[in-house]
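Please work from the sequences and hints to get the whole structure.
Each protein sequence line maps, in turn, to chains L and H.
So for the first sequence, this note's numbering puts the first residue at 18; every next one is plus one.
So for the second sequence, this note's numbering puts the first residue at 169; every next one is plus one.
If you're looking for bench data, these hints aren't it; they were derived computationally from the structure.
Mixed in with the good hints, there may be bad ones.
What the hints assert, rightly or not - Computed spacing ranges between beta-carbons, pair by pair:
#: 1; chain 1: H; residue 1: L247; chain 2: L; residue 2: A32; range: 18 to 28 Å
#: 2; chain 1: L; residue 1: V425; chain 2: H; residue 2: Y180; range: 51 to 61 Å
#: 3; chain 1: L; residue 1: T428; chain 2: H; residue 2: L191; range: 47 to 57 Å
#: 4; chain 1: L; residue 1: L472; chain 2: H; residue 2: A274; range: 48 to 58 Å
#: 5; chain 1: L; residue 1: L189; chain 2: H; residue 2: L219; range: 49 to 59 Å
#: 6; chain 1: H; residue 1: T246; chain 2: L; residue 2: D449; range: 53 to 63 Å
#: 7; chain 1: H; residue 1: E171; chain 2: L; residue 2: V28; range: 44 to 54 Å
#: 8; chain 1: H; residue 1: H287; chain 2: L; residue 2: P50; range: 46 to 56 Å
#: 9; chain 1: H; residue 1: E171; chain 2: L; residue 2: L189; range: 28 to 38 Å
Said to hold, decoys possible - Rough simulated footprint, nothing fancy, chain H against chain L, three-plus residues with beta-carbon under 8 Å:
#: 10; stretch: 76-87
#: 11; stretch: 144-155
#: 12; stretch: 379-390
#: 13; stretch: 422-434
Quick reminder that beta carbons are idealized off the backbone N, C-alpha and C, glycines included.
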Amino acid sequence: MIFLPELIVVVCAVAILLTDLWLDERRRVILAPMAAIGLVVAMASLIISVPQNGLTLGGRFSVDPVGWWFKVFFLLSGLITILISLDLLDGRVGVRMRGIGFRGEYYTVLLATILGMMVLVSARDLITLYVSLELATMPLFVLTAWRRDDAQSGEAGMKYVIFGAMASACMLYGLGLLYGLTGSTALTAIDRQLANMPAFWLATAMLVAGIGFKLTIVPFHFWAADVYQGAPAPVTAYLSVASKGAGLAFAFQILYRWMDGWIADAAVGVAVFAALTMTLGNTVAIVQHNIKRFMAFSAISQAGYLVMGFVGGLPEGIPAMLFYLLVYAVTNLAVFACIVWFSNQTGKEQIEDYRGLARTNPLIALTMMLGLFSLAGIPPLSGFVGKFFLFSVASKAGFHWLVAVAAVNSTISLYYYLRIVRQMYIEPADKDSTRLPITPTLAATLMVLSATQLLMGIIPSLYETISSQTLAWLAR
Amino acid sequence: MIERAMITILFYGFAAAAILLALAVTTSRNLLRAAVCLMGVLLIQAAFYLLLSADFLAGVQVLVYVGGIVVVIAFVVTLTRSSQLLMDHPSPLRMSLAFAASAGFAVVSIASLWVSALHQPGMSHSKVDSTKAIGMALLDTGKTGYVLPFEVVSVLLLAAVIGGIVIARKTPPPSQPFTTGGDKPGEADVTLPKSQRISKDGRDSR
Chain L
18 MIFLPELIVV VCAVAILLTD LWLDERRRVI LAPMAAIGLV VAMASLIISV
68 PQNGLTLGGR FSVDPVGWWF KVFFLLSGLI TILISLDLLD GRVGVRMRGI
118 GFRGEYYTVL LATILGMMVL VSARDLITLY VSLELATMPL FVLTAWRRDD
168 AQSGEAGMKY VIFGAMASAC MLYGLGLLYG LTGSTALTAI DRQLANMPAF
218 WLATAMLVAG IGFKLTIVPF HFWAADVYQG APAPVTAYLS VASKGAGLAF
268 AFQILYRWMD GWIADAAVGV AVFAALTMTL GNTVAIVQHN IKRFMAFSAI
318 SQAGYLVMGF VGGLPEGIPA MLFYLLVYAV TNLAVFACIV WFSNQTGKEQ
368 IEDYRGLART NPLIALTMML GLFSLAGIPP LSGFVGKFFL FSVASKAGFH
418 WLVAVAAVNS TISLYYYLRI VRQMYIEPAD KDSTRLPITP TLAATLMVLS
468 ATQLLMGIIP SLYETISSQT LAWLAR
Chain H
169 MIERAMITIL FYGFAAAAIL LALAVTTSRN LLRAAVCLMG VLLIQAAFYL
219 LLSADFLAGV QVLVYVGGIV VVIAFVVTLT RSSQLLMDHP SPLRMSLAFA
269 ASAGFAVVSI ASLWVSALHQ PGMSHSKVDS TKAIGMALLD TGKTGYVLPF
319 EVVSVLLLAA VIGGIVIARK TPPPSQPFTT GGDKPGEADV TLPKSQRISK
369 DGRDSR
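This is how it looks when you write it as structure tokens:
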């Protein structure tokens, strides 16, 4: 049963939906633990019972080490997202936020997107690939607009739908053209003869646009800022981590399975996209005042670093990318846990509102600072190690200029991450500001995330495991 | 021979009509008229499927798109009276940019498809029961089956329906109960306009 984790996620989603029917509003607090336990069980079944090589359904669904690690990432980020969103949905907040609710539906839809992402990495034909990408994307439109009385949330949802539909149309056109050229929907290596045809390049351009939308690669990034700002904070966290991972998984499926071997030819293009993305994300992030918008541009620049794993199509790029993805999930979600907590307690989202946080809540300010430093890539935090592996891949592929651009960008990013740290540590607190309370769940989540992010930077065994497993498979 | 010539003539006729109707959909200032033109485009698409001897697909196309989606669009247009609201006058610069972009895209795709040799599947005019074959393939768990995308689509539809209901339903969400305080679940504090409020005994107050 190599699709046991997927099955558990589906069963859990349906169980939540049905349990929700029989509960009155007060007892619905058990829905979040149900979802969290479901994901933990799915993760356990993935780790215990799913081999790293296997296929079923006549080869239409298969697992390999890369897909296996992607699934670990999706389940992990889904689990953390549930843990940081339950306070908001259960109403354990300082400032009541209007118009957010429907907990059973929220967790069901969230689990459905996780299912989509997990099937996405296991798909071996175009139809499954496309359908599961839609399953990973379409419920996110709804989650973005989940705050129903908030005009900004509705606007964000609307923008996301329109841009998402456009990107899906591009992608579908590209996939259709490639089907027309090859006459097969199987994700097996494409005949190199096709490269001579303009239609092939048209299809590739369409696919690049579709993938670029998911991954917020410049110049397909323009939806991100408004959507991230308008969405409820936990959904923003999920969008910036899991949705980006789904985009990377899709890119991996297309580039390494289908267009096997093309990626080496496209190295310059990938490098240019990576450089553009990180530079624009970093420079625009400097002038932001809303913290969610700020994190949107930070996430765009992080996507630029992640794409560096594809440069040159080196096998080392894949473990480096997977490791950075896991690091990014833990780090970015730690920062977002602080943002969610702060907006739950105060209802404020401006960077200036964080002033003096280190006086009132020193521990939370510390975890947030650690997360931000890790995103900037300060040693010995895990973000540094992850970036180091990605940069070394680019340098091994011969793109020294890209490494230079990325290093300069890391410095720029340190400046704007320090802006928040400055507000928290140097600016004086307001006179009437008091210590803000934190719920035990969120406190525990934050503690575990911070510890994990420190350990990932110090203990090398995680990267070594990923690297040995994926490299052995890629070298076959 | 004559059959093939007929099919070719029919194809080009339908194709020209589809392009003209699609242009009418985008340029029409009246939403209802645009919806009717859209219906024409979708019907012609069903005709294409018939020409390719995909009878089942043609039937589904008519049922779902023409019978379902266009009718819903027509309902929305007539119920909201928004047909008069479509009075957006973009600036000449934006219009010319949009025109240049779409014309450029059309030229590039036509040119690249013109010079590329697409994969030619063998034209099959065998009278297999395509409905039955599709049904079998959708639930087949073997090499040629599509059970996985079929199931994924079912989850996708479920999630989309749930999301649509959450976004569109009239009742406000049960507002967040303060579970930590141990007090009663909070009343909905979102006020709806009077006409939409539902009175205590469940009857509409209108």
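Now the hints, each set against the structure:
no.: 1; hint: H:L247 <-> L:A32: 18 to 28 Å; result: violated (37 Å)
no.: 2; hint: L:V425 <-> H:Y180: 51 to 61 Å; result: holds (57 Å)
no.: 3; hint: L:T428 <-> H:L191: 47 to 57 Å; result: holds (52 Å)
no.: 4; hint: L:L472 <-> H:A274: 48 to 58 Å; result: holds (55 Å)
no.: 5; hint: L:L189 <-> H:L219: 49 to 59 Å; result: violated (22 Å)
no.: 6; hint: H:T246 <-> L:D449: 53 to 63 Å; result: holds (56 Å)
no.: 7; hint: H:E171 <-> L:V28: 44 to 54 Å; result: holds (52 Å)
no.: 8; hint: H:H287 <-> L:P50: 46 to 56 Å; result: holds (52 Å)
no.: 9; hint: H:E171 <-> L:L189: 28 to 38 Å; result: holds (32 Å)
no.: 10; hint: 76-87; result: holds (count 3)
no.: 11; hint: 144-155; result: holds (count 7)
no.: 12; hint: 379-390; result: violated (count 0)
no.: 13; hint: 422-434; result: violated (count 0)
Violated hints, in rising order: 1, 5, 12 and 13; the structure is consistent with all others.
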